[in-house]
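Given only the sequences and the hints, what does the whole structure look like? Please build it.
What follows is the residue order along each chain.
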Amino acid sequence: MDLTYSLIAVIGTLVVAFIVSLFLPGIERKFIHARIQQRVGPPITSPGIMAPLKFFFKQTITPESPMPRLYNALPLISLIIVVILLLFLIPQMYFVGALASIIALVGFLKVEEIMYMFMGSLSRSVLSVRMPFPDKAKGAAHPETPQSFFEDLSSLRAFRLIAFGSFPLYIAMFVAVAMTGSIYLQDIINYQQVHGPILFTVAGVMGAIVFFIGYMILLNEYPFAILKGKPDVVEGPYLEYAAKYRAYVYITRGFLMFTLATLFATLFLGIAPNILNPSFIITLIVALLFPMLMAVLSAFSPIFTYKQFYPTVAGVSIIGVLAIVAALL
Amino acid sequence: MDDNKQNRTVIEAEIPMGTVHPAALEPYRLRLFVEDEIVRDAEITVGVNHRGVERIMEGLPVEKANSLTEKICGICSNSHIWNSCRTGEIALGIEVPERATYIRIIMEELERLHSHLLYLAHGSEVLGHETFSMRLFYIRETVMDLLGMIGGNRVQYGSAVLGGVRPRCELDEMRLQKITEGMDLLEEKITAFADRFVSDPMVMSRITGVGVISQKDALRLACTGPTLRATGVARDLRREMEEYDPFEFDVITQDDGDVKSQLLMRVFENFEAIKIIRQAVRDLPDGPITNRSWEMQDTPLTKSYIEVPRGTLYHSYSLEDGRVRNCVIRTPSMANIGAMQHACIGHHITDAQLSVVQCDPCFTCTDRAIEIIKI
Numbered sequence: 001m002d003l004t005y006s007l008i009a010v011i012g013t014l015v016v017a018f019i020v021s022l023f024l025p026g027i028e029r030k031f032i033h034a035r036i037q038q039r040v041g042p043p044i045t046s047p048g049i050m051a052p053l054k055f056f057f058k059q060t061i062t063p064e065s066p067m068p069r070l071y072n073a074l075p076l077i078s079l080i081i082v083v084i085l086l087l088f089l090i091p092q093m094y095f096v097g098a099l100a101s102i103i104a105l106v107g108f109l110k111v112e113e114i115m116y117m118f119m120g121s122l123s124r125s126v127l128s129v130r131m132p133f134p135d136k137a138k139g140a141a142h143p144e145t146p147q148s149f150f151e152d153l154s155s156l157r158a159f160r161l162i163a164f165g166s167f168p169l170y171i172a173m174f175v176a177v178a179m180t181g182s183i184y185l186q187d188i189i190n191y192q193q194v195h196g197p198i199l200f201t202v203a204g205v206m207g208a209i210v211f212f213i214g215y216m217i218l219l220n221e222y223p224f225a226i227l228k229g230k231p232d233v234v235e236g237p238y239l240e241y242a243a244k245y246r247a248y249v250y251i252t253r254g255f256l257m258f259t260l261a262t263l264f265a266t267l268f269l270g271i272a273p274n275i276l277n278p279s280f281i282i283t284l285i286v287a288l289l290f291p292m293l294m295a296v297l298s299a300f301s302p303i304f305t306y307k308q309f310y311p312t313v314a315g316v317s318i319i320g321v322l323a324i325v326a327a328l329l
Numbered sequence: 001m002d003d004n005k006q007n008r009t010v011i012e013a014e015i016p017m018g019t020v021h022p023a024a025l026e027p028y029r030l031r032l033f034v035e036d037e038i039v040r041d042a043e044i045t046v047g048v049n050h051r052g053v054e055r056i057m058e059g060l061p062v063e064k065a066n067s068l069t070e071k072i073c074g075i076c077s078n079s080h081i082w083n084s085c086r087t088g089e090i091a092l093g094i095e096v097p098e099r100a101t102y103i104r105i106i107m108e109e110l111e112r113l114h115s116h117l118l119y120l121a122h123g124s125e126v127l128g129h130e131t132f133s134m135r136l137f138y139i140r141e142t143v144m145d146l147l148g149m150i151g152g153n154r155v156q157y158g159s160a161v162l163g164g165v166r167p168r169c170e171l172d173e174m175r176l177q178k179i180t181e182g183m184d185l186l187e188e189k190i191t192a193f194a195d196r197f198v199s200d201p202m203v204m205s206r207i208t209g210v211g212v213i214s215q216k217d218a219l220r221l222a223c224t225g226p227t228l229r230a231t232g233v234a235r236d237l238r239r240e241m242e243e244y245d246p247f248e249f250d251v252i253t254q255d256d257g258d259v260k261s262q263l264l265m266r267v268f269e270n271f272e273a274i275k276i277i278r279q280a281v282r283d284l285p286d287g288p289i290t291n292r293s294w295e296m297q298d299t300p301l302t303k304s305y306i307e308v309p310r311g312t313l314y315h316s317y318s319l320e321d322g323r324v325r326n327c328v329i330r331t332p333s334m335a336n337i338g339a340m341q342h343a344c345i346g347h348h349i350t351d352a353q354l355s356v357v358q359c360d361p362c363f364t365c366t367d368r369a370i371e372i373i374k375i
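Here the protein sequences come in this chain order: A and B.
Mapping to full-length UniProt numbering: the first sequence position 207 is 207, numbers consecutive.
Mapping to full-length UniProt numbering: the second sequence position 321 is 321, numbers consecutive.
Hints were generated in silico from the structure; no laboratory data involved.
In this text, all values refer to a predicted model and were calculated from it rather than measured experimentally.
Don't take every hint at face value.
Partner residues aside, some chain A positions facing chain B, computed with beta carbon under 7 Å [to be verified]:
hint	residue
1	A34
2	I36
3	G41
4	H142
5	P143
6	Q147
7	P231
8	V234
9	N274
10	N277
11	P278
12	S279
13	S301
14	I303
Glycine is no exception: its CB is placed at the ideal position from the N, C-alpha and C atoms.
Okay, structure coming up:
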């Protein structure tokens with residue numbers, strides 16, 4: 001009986017998460033961006049459901065890559081990592097011990113981040129190809145310069161993102177650890193069932209703000225879209241993905257949006273995702289609210305360069321550290 | 001090895017953008033020579049969309065040739081046809097009726113408005129601010145509707161002809177009323193946008209001190225139009241054109257020469273364009289709109305310069321048996337290319353497109369010369 005219950009809970013939660021996540025990009029585009037920009041916007045199913053469906057039936061091309069198979073596999077690997085991340089957030093999976101801890105979650109998120117680096121370094125798009133002759137009209141100022149591809153640039157930026165850009169998210173995750181004195185999700189949830197949600201403490205509020213900024217940075221949304229800025233790297237790591245591989249990219253993004261919001265609900269509200277628990281509705285509300293808030297902020301933001309990005313990350317990280325200190329007090 | 005090569009900076013890598021880059025909207029190749037994402041040198045190449053308009057014009061009857069110039073640009077089409085007709089009128093000594101001149105100025109200032117609003121929208125898009133971009137396109141629609149109403153089209157109005165303007169561009173009371181209402185609406189919308197724009201700290205932090213062109217560099221690089229005026233040089237060819245003599249307007253200048261100055265420059269110029277249009281509507285003289293009493297004759301090479309939204313536009317040709325000969329056209333972007341390259345240097349890669357866009361490039365129209373090379 002217990003096993004059946006657990007199986008239903010785990011599989012049901014994953015299925016519902018998958019279905020909801022398909023609508024999140026549509027909600028973001030249709031109800032927020034389009035409304036703010038005073039236009040009709042795409043149908044709600046377009047970005048999350050119809051676009052991936054369409055891409056699944058497009059002809060696959062072989063990308064210009066030193067390792068095309070690995071390069072094409074990366075979006076799927078990325079999706080699997082995010083699914084595993086959500087899997088270990090479900091209470092029925094807490095028996096796996098260390099895998100259902102903050103440290104493991106940080107590890108999975110780091111692996112997901114590293115994927116962007118691999119994507120960048122394994123791609124060679126046509127946009128950066130040198131012209132077949134030197135530029136004689138201009139006198140070819142630097143004719144023999146080694147050429148860098150857009151994807152190299154995005155790979156380098158992904159490295160920087162791993163090194164410091166995603167700091168706020170991880171710091172915010174450790175606010176819950178500092179407050180509960182445990183790295184295990186089970187203990188964090190139990191603590192909040194006794195003491196109330198961490199969100200309603202000073203440290204929790206600060207942590208939530210930091211978490212939200214980190215959420216936006218990890219999702220590469222404006223103004224933090226340094227990996228895929230239109231004025232320079234276009235789509236950065238995703239540039240060469242076509243057909244079903246692009247569909248995986250779309251699905252992964254929606255799923256990551258849902259998973260990170262679920263992580264927030266678990267760490268700051270003490271509500272783990274479980275379809276058989278009525279409080280799952282709160283997880284869904286958080287999962288809807290986060291993309292909506294993100295869409296509002298991104299609709300009113302220009303893209304940041306490092307000049308704005310470094311101070312923002314530093315400032316938010318300091319708030320995160322203060323939140324940890326407040327949690328320890 | 002030439003001196004140039006010896007003095008070159010050590011370049012870490014090149015990032016070529018284009019000839020088709022989504023942020024560019026026009027076919028041009030921007031080569032950025034970078035060192036840790038900071039641009040150390042930049043090079044812009046045009047020439048991939050050369051259409052040979054001057055060559056096609058060669059030998060055409062002058063009125064046909066004038067119409068063809070309108071196809072050079074989809075943004076300042078009126079400026080081209082006006083200047084081309086103006087060249088012919090100077091050459092043939094045609095006196096343009098005053099009412100026609102006023103209508104031409106209304107068209108030109110409307111075009112300045114839509115060009116500047118397009119510039120601001122494109123600038124916002126490159127900045128990553130999609131909402132500003134969308135809203136500016138909505139504001140621009142008012143101008144496009146007015147241009148469509150007067151000229152019959154939204155892009156190619158064909159208003160100017162030798163000796164005046166086409167009959168369909170005649171302004172009756174209803175049209176004048178609509179223009180006045182449109183100007184009121186535009187003034188309100190642009191003011192609201194400007195307030196929002198300058199009070200946005202994130203936007204300001206992205207555009208202040210970026211893509212700086214000093215006054216000295218602007219003069220050295222022979223910049224023209226708003227690009228030059230944004231560096232503090234009060235040079236506006238409209239002050240030297242007799243067509244603009246009856247109108248009161250200020251020459252807008254900004255001091256910093258950065259992206260912020262360039263954007264604000266265009267915002268404030270919009271208000272001056274509205275001011276001129278209002279004066280033209282209020283003081284529109286009665287009388288004919290076309291002078292047909294002139295005779296075709298052979299003329300020497302004649303040139304005409306006018307101030308168009310992007311700067312100084314040059315047209316020149318001679319006439320032989322009523323046909324155009326030795327036609328040369330130079331668009332303002334040609335003069336501003338040096339400044340675009342210069343503005344990128346020392347800034348982040350993400351700012352490079354912004355630094356180019358701040359000079360309001362129109363490269364397709366600039367493609368006037370090609371060099372055939374053997375590959």
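Quick rundown of the hints versus the structure:
1. A34: violated, 9 Å
2. I36: Where the cut-off is 7 Å and the nearest Cβ of chain B is about 6 Å from A:I36, the hint holds.
3. G41: violated, 11 Å
4. H142: holds, 5 Å
5. P143: violated, 10 Å
6. Q147: holds, 5 Å
7. P231: holds, 4 Å
8. V234: Hint holds; A:V234 Cβ to chain B Cβ min 6 Å, cut 7 Å.
9. N274: violated, 38 Å
10. N277: Cβ of A:N277 sits 39 Å from chain B, so the hint is violated.
11. P278: violated, 38 Å
12. S279: violated, 36 Å
13. S301: Holds. Min distance 6 Å.
14. I303: holds, 3 Å
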